[in-house]
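Student: The primary structure of each chain is shown beneath.
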Amino acid sequence: MNNQDILFKPGDFELVREDQNDFVDEAYAKESYWRDILSRFVKNKGAVIGLFFIFLIILMAVVGPGMNEHTYDSQIIQHQNLAPRIRAIESLNIGIFDGSEKMSTSTGVVEVNKYVNPEKETGLENTYYWFGTDVLGRDIFTRTWTGTRISLYIALVAVLVDMLFGMSYGLISGYFGGKVDMAMQRFSEVLNGIPTLVLVTLLIIVMKPGLFTITLALALTGWIGMSRVARAQVLKLKEQEFILASKTLGAKDFFIIFKEILPNIFGQLIIMSMFSVPNAIFTEAFLAFVGLGVPAPNASLGSLISDAFKSFTTHPYMIVFPVIVLGIIMLSFNLLADGLRDAFDPKMKER
Amino acid sequence: MENRKPLLEVRNLKQHFKVSRKFSVKAVDGVSFEIYPGETYGLVGESGSGKSTIGRSIIRLYDPTGGSILFKEADISGKMDKKTEKNLRMKMQMIFQDPMASLNPRKKVLDLIALGLDIHHPKMDPEERKKKVYDILDLVGLSHEHASRYPHQFSGGQRQRIGIARALVMNPDLIIADEAISALDVSIQAQVVNLMKEIQEKTNIAYLFIAHDLSMVRYISDRIGVLHFGHLVETGTTEEIFENPIHPYTKSLLSAIPHPNPVTERERKSMTYDYASSGIDYSKGVLQNVGGTHQVLATEEELQRWTAKG
Amino acid sequence: MNTVEKETVLEMKDLSISFKTSAGEVKAIRGVDFTLYKGDTVAIVGESGSGKSVTVKAIMGILSGNETVNSGSIHFTYHRGDEVVHEDLLKLSRNEMRKRINGKRIAMVFQDPMTSLNPTMSIGAQVMEGMIYHHKKSKAEARKRAIELLDLVGIPEPEKRMKNYPHQLSGGMRQRVVIAIALSCDPEVLICDEPTTALDVTIQAKILELIKEIQKKMNISVIYITHDLGVVAKVADYVAVMYAGKFIEKGTTEEIFFDPRHPYTWGLLSAIPSLEKTEGALYAIPGSPPNLLHQVVGDPFAPRNLYALNIDYRIEPPMFKISDTHFASTWLLHEDAPKVEMPKQLKERIEGMRKEMKMHGK
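As they're listed, the protein sequences go chains X, W and H. FYI, my numbering numbers position 313 of the first sequence as 299, with every residue one higher than the one before it. Every number in my numbering is 305 more than the matching position in the second sequence, counting from 1. Every number in my numbering is 40 more than the matching position in the third sequence, counting from 1.
Read the hints as simulated data drawn from the structure, not as lab findings. In this text, a Cβ means the ideal position worked out from N, Cα and C, and glycines have one as well. Incorrect hints may have been included.
[Unchecked claim] With a straight-line Cα cutoff of 30 Å, these simulated DSS-like cross-link-like pairs (lysine-lysine) come out:
1) X/K29 x W/K412
2) H/K200 x W/K574
3) W/K388 x X/K238
4) W/K589 x W/K331
5) W/K331 x W/K413
6) W/K377 x W/K556
7) H/K252 x W/K556
8) W/K377 x W/K502
9) H/K176 x H/K256
10) W/K388 x W/K507
11) X/K233 x W/K310
12) H/K200 x H/K256
13) H/K200 x W/K413
14) W/K387 x X/K238
[As the list claims (entries may be wrong)] Here are some of the chain H residues that sit facing chain W, going by a computed Cβ distance under 7 Å:
15) E87
16) S88
17) T237
18) H267
19) A273
20) A311
21) A321
22) I325
23) P330
24) I362
25) S363
With these hints in hand, go ahead and build the complete structure from the sequences.
Tutor: Next up, the structure:
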């Protein structure tokens, strides 16, 4: 106790309070739940990058097809199998994107440029196909972005349906439990046992092949995962005291499911959806590859890859661009979903 | 004892839980007691005694296996008609043990407290709704600005007050406090208990106070019931139980309460009581009256033995 | 603590611990000193968030990754054979702590007997484990000692129980097993972190009596962490009351219960309902414990202190000496402070206790 270190002020030793007045409790912590999540999300570099690329790709899917003068379905046979050529990069003279491609022939590797031939007139000197053309002379650049549009559309619609239906299914199954739960779960297990390929093939046989059919097929098989997540979350929350409190106040079952439980599991559902998108896109690509994709002249990333696969050894540039776009979409959504998951549920690093 | 009509009458309540085809857990096995308007009945027991189960059976979170429960003279133990059910849900409320889990983390305090209003009076004018909530916040010692916050921004004691506010908004006649203070710090327990007493003075509400802390139960209760293994072994007014405990379990329970007096406490040894080896069979006993409202679960022979020793 | 020079076993000086959370740095312990003498029982009393558990975790060296010791020392004195060793536990690495100290010289009993025992190991194996590891006992020796220990802690038919698994025992039994494990290596210090909070009150009394008995027999020094003043009254020789990461009052049990000086201690004592009178409201400390994320200016108890002085909001009070053993950190003990007495209710209760003791010839 060093009196000399402390400078006492007059009035220091007077009581602050005269008597027991009514204490009103102050609130404790000041962070908001969403702000917390946002700050955690932003700190995750991967997630932010993923989000950025998703926006970029969506942007390109919107404006891409209109960026040049070619359309996605115009077939000009004279323009078939042209290599990528971009004016800006061509003038840099670095040897790529200048319309030339290396081809392996029986006599060795030969560099061919169909656009500009010093020996004769090609008529293509002023034509630019940024990603090249395919075997029917269609602009790959425009088709890539049109394909992206369609792939994203299919995926998002499928995931939306999955979320709405799968979520409700899981919520009801989990909340009511007992016989209801048992019946619902057995049903979904049986359905889950049917291979996706079989289901899709059957659908395509029964209905016309097309955008709607594919979307329906994906929706029919994807909802089970969502329902399982929703059910698990409900089971976790069902016995919590705030649910019991609602019951004792007289809340009806559906009130409790949608007003009390749903807001608490929404985060998990969003995360699950984010993970489902790349799954859906990939499944669609796979189906297209197997020949069950959108019919020509429509394109999806999968069908583009499937078509370009045939020319893989001769004109590899045809497959490269759709593959890259597909890869970026899947990686970005995975990073985003991962980041969301960590933001919503920080692991107990702090314990 | 005046001839008042009991607010809550529990007769031979049984609550069994089926664990497997052959085996059920008999959590509550024939419990009877009454609660009169405006009084506090303390239900005391240790883990496995069935006290929480009784609370939840009464408020119909479980469906009773047997016996009857009369609330304001209407039978709420079986299938209820709409009117009885509505009455039950409005006039009997519960406060829970865990301050963290008893509030929906995604709801603002305003909506949490107004839950009862939203369910039973969905068309209420929003201004009136807000005012009702503010009035209750005043009653429990929280400020109006707390209404726009979320549960995680409050301490345990404050959350418990919010839980109490939620229970009070419907003007209930009976509140069941299921270990409502057990999870709180000692000084906060005192705050909450004081609050509950204050509210009782203002509104003449009755409490069923379920707890294992005998000193708090003694402080707040008018009458007490002692539970052991699903049976009510002794009941009476607080004085009757504390001054003249008769059942050996009650005696051992009382002897185990720590006294905050270091000098005497150090020397004191608690009494042992082991049901398995005591030779007592609760299912054979009958509630016997031993004076006033004091009753003990015993056979004739046991009662003779216990009261003779004095 | 009178005539005989007591041997110091544990000496904690100026311990400061903080930990990082996503919301910032929390100063959990802000300068704590205390001394444990041989054979004594010290109780550290506080509410949740006071920091009492973190303090003993520091002694055992089991702080979590994001908790850092900012300053201070914990000196532990023990006998290794004939020599007396004196070391600063904070300077030892985790490995050294595990090899030489944990379980061997300082043992800990945790709050929840359900999670303290390994559900996949038999009771016997768990009791024997420490002895085999630390004392290099043979299996046969360890087994014999394990049975003795189970008997010591009051488990009936100990040989049979050796083969049991934790889920086959009741809560009280499990806690006894935990105590047996703690004692298996003859530690010098036993730390009990709320050992009876999760148990029924009838079992609680028995466990406390058991620890007392053992302590006398084996001359162990015990540190109790608790928020229950009834427990303190029963077992402690010395009490340290903690609030917001610092000790605000220290003294012998008699001094704390019969002559408390800090308003927080008054609040804690008053909050226990008296077993006699049941009228009037319980004196309750208003408000809630402080959020240690925010920098503390002055006395952290001031906002809840009905007897706060203006200076409490500026400068944190130092420890004032009341007697050789009794200290309190409140400006009310300063010579210039107004004379403030403890609340009437508490005063009357203490008077009542004194009368009661006179009647029993104490």
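Student: Taken at face value, is the distance from the CA of W/K507 to the CA of W/K388 at most 30 Å?
Tutor: 27 Å, holds
Student: Is W/K377 within 30 Å of W/K556, Cα to Cα?
Tutor: Distance of about 34 Å is beyond 30 Å: violated.
Student: Is the hinted pair H/K252 and W/K556 satisfied, with a Cα-Cα distance of at most 30 Å?
Tutor: 23 Å, holds
Student: When you check the alpha-carbon spacing of H/K200 and W/K413, does it fall within 30 Å?
Tutor: With a Cα-Cα distance of about 55 Å, the restraint between H/K200 and W/K413 is violated, given a limit of 30 Å.
Student: Can the hint on H/A311 be confirmed by a CB-to-CB distance to chain W that is less than 7 Å?
Tutor: Since the shortest Cβ distance to chain W is 4 Å, the answer is holds.
Student: Measure nothing beyond the straight line between the CA atoms of H/K200 and W/K574; if it is 30 Å or shorter, mark the hint as holding.
Tutor: 29 Å, holds
Student: Next item in the hint list is H/H267. Is there a CB on chain W closer than 7 Å to its CB?
Tutor: 6 Å, holds
Student: Against chain W, with CB atoms and a cut of 7 Å, does the hint on H/E87 hold up?
Tutor: 4 Å, holds
Student: Holds or violated: the hint that H/S88 contacts chain W, with Cβ atoms closer than 7 Å.
Tutor: 6 Å, holds
Student: Against chain W, is H/A273 within 7 Å by beta-carbon distance?
Tutor: 4 Å, holds
Student: Regarding the pair W/K377 and W/K502, is the alpha-carbon distance no greater than 30 Å?
Tutor: Cα-Cα ~22 Å, so holds.
Student: Given the hinted pair H/K176 and H/K256, is their Cα-Cα distance within 30 Å?
Tutor: Holds, at about 26 Å.
Hints 5, 6, 13, 17, 23, 24 and 25, counting from the list given before, are not met by this structure.
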